[in-house]
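Chain order of the listed sequences is A, B and C.
Okay, so the first sequence: first residue is 449 according to the working numbering, each after it adds one.
Okay, so the second sequence: first residue is 160 according to the working numbering, each after it adds one.
Okay, so the third sequence: first residue is 1038 according to the working numbering, each after it adds one.
In case anyone wonders, no lab produced these hints; they're calculated from the structure.
Be careful, since some hints might not be right.
[To be verified] Think about it this way: if two alpha-carbon atoms lie no more than 20 Å apart in a straight line, the pair counts; the simulated SDA-like pairs of lysine to any residue are:
#, chain 1, residue 1, chain 2, residue 2
1, A, Lys-490, A, Gln-506
2, A, Lys-490, B, Val-173
3, A, Lys-490, B, Asn-161
4, A, Lys-490, A, Leu-501
5, A, Lys-490, B, Ile-180
6, C, Lys-1128, B, Leu-183
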Amino acid sequence: MSLTLDLFTVAAVSLGAVFFLAGTLGLLRFPDTLSRLHALTKADNLGLGLVVLGLLPQVASPLGWIGLIAVWLLALLSGATAGQLLAGAVRPPEWARLTAPGPGKDTADD
Amino acid sequence: MNEFLLAAAGFVLVTVALGLIRILRGPGDADRILAAQLLGTGGVAAMLLLGVATGLPGVTDLALLLALLAAFAAVAFVAGSGRGAAGGATPGVAEGGTGGEEPE
Amino acid sequence: MTSALAVDAVLALLIFGLALWINAARTAYGAALGFMAYGLLLALVWVRLAAVDVALTEVALGAGLTGFLLLGAAARLAPDASFDAVGVSGKGSRFLIALLCAVVAVGLAAVVLVLPDPAPTLAPLVHANLARTGVGNPVTGVLMAHRAVDTLLETLVLIPALIGIWSLSSDPDWGGRPGSLPDLSSNGPLTLLAQVLPPFGILVAIHLVWVGAEDPGGKFQGAAVLAAMWVLVLVAGLGRAPRVTSQASRLLLVLGPLVFVGIGIAGVWLAGAFLAYPEEWAKPLILAIEAALTLSVALVLGLLLAGPPVADGGGVEPRP
C-alpha cells in the first residue's frame, strides 16, 4: 500500500514539476504579455495543484491535508485575481474603445 | 522518498528561477510582475515540498501566508499604473509586449 | 543528503545573482520587483536554516506591506523612466553603493568566520529556562520573557514613526483622513479580492498569533497579515481609514503598549521586577500581551502605509 502511495506521489509531483517547466518556457518564449499571462496560470493552477495532490499521501494528519488544500485554494484565488488585474492593466487602449460605450470610460470596470 | 521530494523542490526552484530572466529583460513592468508571480507560486510549491521532506513545523503556514499575499504585487502594479494617468490605460504600461524601454 | 546540498547551492547562487542584478537594475521599478523576489528566496533560505519564524516575518512583510510600499514608491517616482533620467543616481554613485554594500557584507562574513568554535551562545540557557515561561516556541519565549524590554521598545518605536509620517501633512489637511493610498474602487476583480480574501487573512492571522506560543508564528507576523488585508480593503474603496483625530483609533494604537507596560509594572509587585511574570501566570499574560499588541501593531502598520492626512475633498493628485 505504501509503495503504491509513494509511486502516486512521485507521479503527481513529477507531473506538477513538468507544468512549472511549461509555465516558465511559456513565460520566456511567448511573444506578448497576454500570452505569457496565459502560460503563467497553467503553472499556478495545475503545477501547484498536482504537487499538493502528490504530497497528500505523505502527510499523516487530517489537519495537514486541510492545510495543503487551503494553500492550493488560496493560490487559485490569488492567481485568478492577479491574472484579471494584470490583463486589465496591459490591455491595449484600442480594445477599450471596442467594448466601452464611450470615450473616457474607465477600462478596468468590466 | 524525502530525497525525491528535496530533488523535486530543487527542480521547481531552478525552473521558476529561469523565469527571472523576464524580471531582468522585461520589456514591460507587467512582464516583470508575471515573473515575480511565477516565482511566488514556485516558491509555495518548493516550500511545501521542503516542509514535508524535512518535517519542520510551520512550513505549511509559511506557504499559506505566501499564497495569501501572492496577489499583492499585481494589486500594487495596478495601483501604480493608475497613478500615471487619470482613468484609462496608462501609457508605458500598455505597450508591455512591444515596448523596448530597456535595450540589452 | 545530496539533494539537500543541491537545493542549498541553487539557492545561494540565485540569491547572489539576483543581488548583483538589483544593484545594476536600470529602473527603480525593476529593482523593487527584484527585491521582492529576493525576499522570497531569502525566506526559502531561512527554511533551509530551520528558522521558520524569521521566514514567516520575511514573507509577511516582504510579500505584503513592504512590497506594496516599494512598488508604490517606484511607480510614484518615475513610472517608466530610468534612474539616470530622474537623476537619482548615476553610474558612479551606483558603483559606490554596490562597493559599500560589499564592504558591509565582507565585514559581516569576516565577523562570522572569526567567531571562536563553538561560538558563544545563550541558546542552552534559553532552553533550560523555556519551561518557566509556559510557551513552547523558544523565539516567543525570548521575545516575550527573556528579552521583553527589547520587544517593548520595538513596539513603542512604531508610534513615533507614525507621528513622523503624520507630521508631514500641512495645517489645513490636519484632521482629515490618510490619503496616500490609491483609490481603485471601480476595479471589479480588485473589489472581489478585497471581499473574499480578508476573511481568510483574518483567520490566518489569528492562527499565526495563536500557534506562536508553541510553533513558529507570533504577533508581528499576524499583525502584518491583518494590516495587509486592511490595506487591500482601503485600496479597493470598501472602507476608509479613520481620521487622524479619531479617539477610538488613537486608543487602539496605544492599547497594546499600554497592556504591555501595565503588566510589566504589575510585575514589580507580583514577581519582583519590571516585566517579570509570576511563574504560574506567565503563559496567559504573554498571550494577553500578544493579542493586544497584534491589534495595535496591525493598525500602526496599516496607517503607516496609508500616509499623512489630507483634507476632505482632496485625494491623491494624479502625478504628471
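(request) May I ask which of the numbered hints given earlier this structure violates, with the numbers listed in increasing order? (result) 1 and 3
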